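**Q** Chain by chain, the residues run as shown.
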Amino acid sequence: MSENIIELKNVSFAYNENKQILTDISMKIPYGKIVAIMGGSGCGKTTVLKLISGQIKANSGKITAFGTDITRANNKTLEQIRTKLGMLFQFGALFTDLSVYDNIAFPLNEHTKLNKTLKDIIVAMKLESVGLSGTQELFPSELSGGMARRIALARAMALDPELMMYDEPFTGLDPISLNTIAMLIKKLNDNLKQTTILVTHDIPITMKIADYIYFMSNGKVIAEGTPKEISVTENKSVQQFINGEVNGPFAYKYNSNKSYDYYLGRESI
Amino acid sequence: MKNLIQSIGRPFSSFILMLGETSMLLGKIILSIPYILKRPQLIIKELFFSGVLSIVIIAVSGWFVGMVLGLQGYNTLQRFGSVSVLGSLVALSLIRELGPVLSAILFASRAGSGITAEIGLMKATEQLDAMNVMSVDPIKRIIAPKFIGGVISVPILTMLFNTCGILGGKFVGVNLLGLDSGIFWSQMQDSVNFHADIVNSIIKALIFGIFVSLISVYQGLSSKPTAEGVSSSTTKTVVHSALAVLALDFILTAFMF
Ligand SMILES: Nc1ncnc2c1ncn2[C@@H]1O[C@H](COP(=O)(O)OP(=O)(O)OP(=O)(O)O)[C@@H](O)[C@H]1O
Ligand SMILES: [Mg+2]
Chain A
1 MSENIIELKN VSFAYNENKQ ILTDISMKIP YGKIVAIMGG SGCGKTTVLK
51 LISGQIKANS GKITAFGTDI TRANNKTLEQ IRTKLGMLFQ FGALFTDLSV
101 YDNIAFPLNE HTKLNKTLKD IIVAMKLESV GLSGTQELFP SELSGGMARR
151 IALARAMALD PELMMYDEPF TGLDPISLNT IAMLIKKLND NLKQTTILVT
201 HDIPITMKIA DYIYFMSNGK VIAEGTPKEI SVTENKSVQQ FINGEVNGPF
251 AYKYNSNKSY DYYLGRESI
Chain B
1 MKNLIQSIGR PFSSFILMLG ETSMLLGKII LSIPYILKRP QLIIKELFFS
51 GVLSIVIIAV SGWFVGMVLG LQGYNTLQRF GSVSVLGSLV ALSLIRELGP
101 VLSAILFASR AGSGITAEIG LMKATEQLDA MNVMSVDPIK RIIAPKFIGG
151 VISVPILTML FNTCGILGGK FVGVNLLGLD SGIFWSQMQD SVNFHADIVN
201 SIIKALIFGI FVSLISVYQG LSSKPTAEGV SSSTTKTVVH SALAVLALDF
251 ILTAFMF
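Protein chains in written order, with our numbering: chain A, 1 to 269; chain B, 1 to 257.
No lab work stands behind these hints, which were simulated from the structure alone. Please read all numbers here as calculations on a predicted model, not as lab measurements. Hints may be right or wrong, so weigh each one.
[Said to hold, decoys possible] With a cut-off of at most 30 Å between alpha-carbon atoms, the simulated DSSO-like pairs for lysine-lysine come out as follows:
no., chain 1, residue 1, chain 2, residue 2
1, A, K9, A, K84
2, A, K50, B, K28
3, B, K45, A, K119
4, A, K28, A, K193
5, B, K28, A, K62
6, A, K187, A, K113
7, A, K84, B, K2
8, B, K45, A, K116
9, A, K84, A, K186
10, A, K84, A, K116
11, A, K76, B, K28
12, B, K38, A, K119
13, A, K113, B, K2
14, A, K186, A, K9
15, A, K76, B, K224
16, A, K19, B, K224
17, A, K220, A, K208
18, A, K19, B, K38
19, A, K187, A, K28
20, A, K57, B, K224
21, B, K38, A, K113
22, B, K28, A, K57
23, A, K84, B, K38
[Unchecked claim] Here are some of the chain B residues that sit facing chain A, going by a computed Cβ distance under 10 Å:
no., residue
24, K45
25, E118
26, L121
27, M122
28, S135
29, V136
30, D137
31, R141
No residue lacks a Cβ here, since even glycine has one placed at the ideal position from N, Cα and C.
My request is simple: use the sequences and hints to build the entire structure.
**A** Structure, rendered in structure tokens:
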């Protein structure tokens, strides 16, 4: 068995012919490590997670998960692989018709035959670990955005998956919960021998807890390395991102547009 | 020229595509029946939301439709001096046509649109994706129970509609206009045949239920994950259901009666 839980080799992806989303991406996620994926908004980070969890299929290239090539896997194999991974969605994706308790117990109900007492204990433990004990009876509509994400985190952890993928777990959290969640991610990774893929914009936290960082821009990996290597990189785009500078090689626009350019005085109509 | 052919062809090809997708969806739903049988509480919940909560609107509408039938029937029959057959007229029009058709259309607007909106919103907020990643098939867990709930509800609601309609017709004919209640009921009993009328009414309702429920879940699943997407799918559910029910009714009536 290889030392990588996930491997992407020259993966390309597009939703339609008009716009290539990912071009020739290669990544390695070693067992037991925390790997961070960083990059500007819309550069394709969520898309990478969707490819790994098999929600979308790569157009070319190869993705290996737990030693299986998932670009060619059938639905049964995909389902088996998915039971080993947990994913925290960018916007939580809690089931709005279920209470907090039922949301967290959902994977337990579907994949285990635990009795009620055990489920109660697991749900209480998971809630405690995200700092929201006693919220079992609430409904998603009664939660704040940050609370909802922490509940979603508890749900993703319910089955203690081998691989956890977090899509921007820190946005909208106050500094205390942010650090709590970051420490929790680190603790889960170390104590439960989990592997972690962390998509985030938070530079200080990433530098602190990640073992390896991939930088993406425009659907390509533009830099990679350990936090130490990244912090001394010569790459202008990465420097710009780390320092949060407005001007630089990162251009924050989707597509140039004639009337907008005209408005900026760059072009005459 | 090519553009013209394309623009004529596109609605047809998208219609064929839709038919193909709906049949595949129906196939997947049928394959999930074993899963559902192990979790009957999922269907009970849907029966409550789409069936029980539609009872009031179905009963009230049935009552009013029956009253209108009683009133119109009485006026018309009076001209021919045959008010005594009012009971048959009310019962047969309701059981054979109005009951199944109106119940299905009311069901589409009351419950079907709700089903579409709920599924569409679950899609827009990534709840279906999240379920997929937890290796739970949303077709089994969400779509199939809603579909089956609808298929069971529509025939029962249709019978309720028929019953309330007949009572409404009786209220107008007997209690308001003074027709003899013995004549009203005995005429009805004579002319309504259990197999030809009532069983066929239930079959119609069942087929309408299948179509309306399938349209509702299909529209939910294929809605665009935005607020406008969900709202336009909800509208489509009601419009497509109404058209499908009326067209099917013609075909079924031609075969049945
Ligand atoms: N369903 C879709 N259909 C077509 N294009 C899509 C779809 N989802 C995302 N995209 C496009 O894919 C690109 C990458 O999106 P993705 O969600 O991966 O970005 P991201 O890096 O996660 O951004 P953010 O940090 O804002 O979450 C975007 O340009 C977006 O326009
Ligand atoms: Mg994203």
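**Q** So, for every hint listed, does it hold in this structure?
**A** Now the hints, each set against the structure:
1. For a cut-off of 30 Å, the pair hint linking K9/A to K84/A stands: about 21 Å separates their Cα positions.
2. About 23 Å separates the Cα atoms of K50/A and K28/B, which keeps this hinted pair within 30 Å; it holds.
3. Taking the CA atoms of K45/B and K119/A, the gap is about 22 Å. The hint holds against a cut of 30 Å.
4. Distance hint between K28/A and K193/A is fulfilled; the C-alpha atoms sit about 17 Å from each other, no more than 30 Å.
5. Of the pairs offered as hints, the one joining K28/B and K62/A holds, with about 29 Å between alpha carbons and a cut-off of 30 Å not exceeded.
6. A C-alpha spacing of about 27 Å is found between K187/A and K113/A, which places the hinted pair at or below 30 Å, so the restraint holds.
7. Our distance criterion of 30 Å between C-alpha atoms is broken by K84/A and K2/B, whose separation comes to about 51 Å.
8. Simply put, K45/B and K116/A have alpha-carbon atoms about 21 Å apart, close enough for the 30 Å limit, and the pair holds.
9. For a cut-off of 30 Å, the pair hint linking K84/A to K186/A stands: about 19 Å separates their Cα positions.
10. Between K84/A and K116/A, the direct Cα distance comes to roughly 23 Å. Compliance with the 30 Å bound is thereby established for this hinted pair.
11. Restraint check for K76/A and K28/B: the C-alpha separation of about 15 Å stays at or below 30 Å, so the hint holds.
12. Straight-line distance between C-alpha atoms of K38/B and K119/A comes to about 20 Å, which keeps the hinted pair within the 30 Å bound.
13. At roughly 60 Å between alpha-carbon atoms, K113/A and K2/B are farther apart than 30 Å, so this suggested pair is violated.
14. The hinted pair formed by K186/A and K9/A meets the criterion: a straight-line CA distance of about 27 Å does not exceed 30 Å.
15. Distance restraint check for K76/A and K224/B: the Cα-Cα separation of roughly 28 Å lies within the 30 Å cut-off, and the hinted pair is therefore satisfied.
16. Note on K19/A and K224/B: the hinted pairing holds, with a Cα-Cα distance of about 19 Å set against a maximum of 30 Å.
17. In summary, the hint linking K220/A to K208/A is supported, as the alpha carbons are separated by about 24 Å, within the 30 Å threshold.
18. Our distance criterion of 30 Å between C-alpha atoms is broken by K19/A and K38/B, whose separation comes to about 44 Å.
19. Distance check on the hinted pair: K187/A and K28/A sit about 22 Å apart at the alpha-carbon level, within 30 Å; holds.
20. For the given pair, K57/A sits about 20 Å from K224/B by alpha-carbon distance, which is consistent with the 30 Å threshold.
21. Pair hint K38/B plus K113/A holds up; C-alpha atoms about 13 Å apart against a cutoff of 30 Å.
22. The suggested pairing of K28/B with K57/A holds, with an alpha-carbon distance near 21 Å, which does not exceed 30 Å.
23. Taken as a hint, the K84/A and K38/B pair is honoured in the structure, with Cα atoms around 24 Å apart against an allowance of 30 Å.
24. Interface hint at K45/B: satisfied, since its Cβ lies 9 Å from the closest Cβ of chain A, which is below the 10 Å cut-off.
25. Here the hint on E118/B is kept, as its CB sits about 8 Å from the closest CB of chain A, short of 10 Å.
26. Contact between L121/B and chain A, as hinted, is supported at the beta carbon level, the nearest pair being about 8 Å apart and thus within 10 Å.
27. Evaluation of the M122/B hint against chain A yields a held restraint, the C-beta minimum of about 8 Å falling below 10 Å.
28. Given hint, S135/B at the interface with chain A, holds; its Cβ is 4 Å from that chain's nearest Cβ, closer than 10 Å.
29. Checking V136/B against chain A by beta carbon gives a least distance of about 5 Å; that is within 10 Å, so the hint holds.
30. Hint status for D137/B relative to chain A: holds, with the closest Cβ pair at about 8 Å, below 10 Å.
31. With a least beta-carbon distance of about 8 Å to chain A, the hint placing R141/B at the interface is held under the 10 Å criterion.
Hints 7, 13 and 18 from the list above are not met by this structure, while the remaining hints are.
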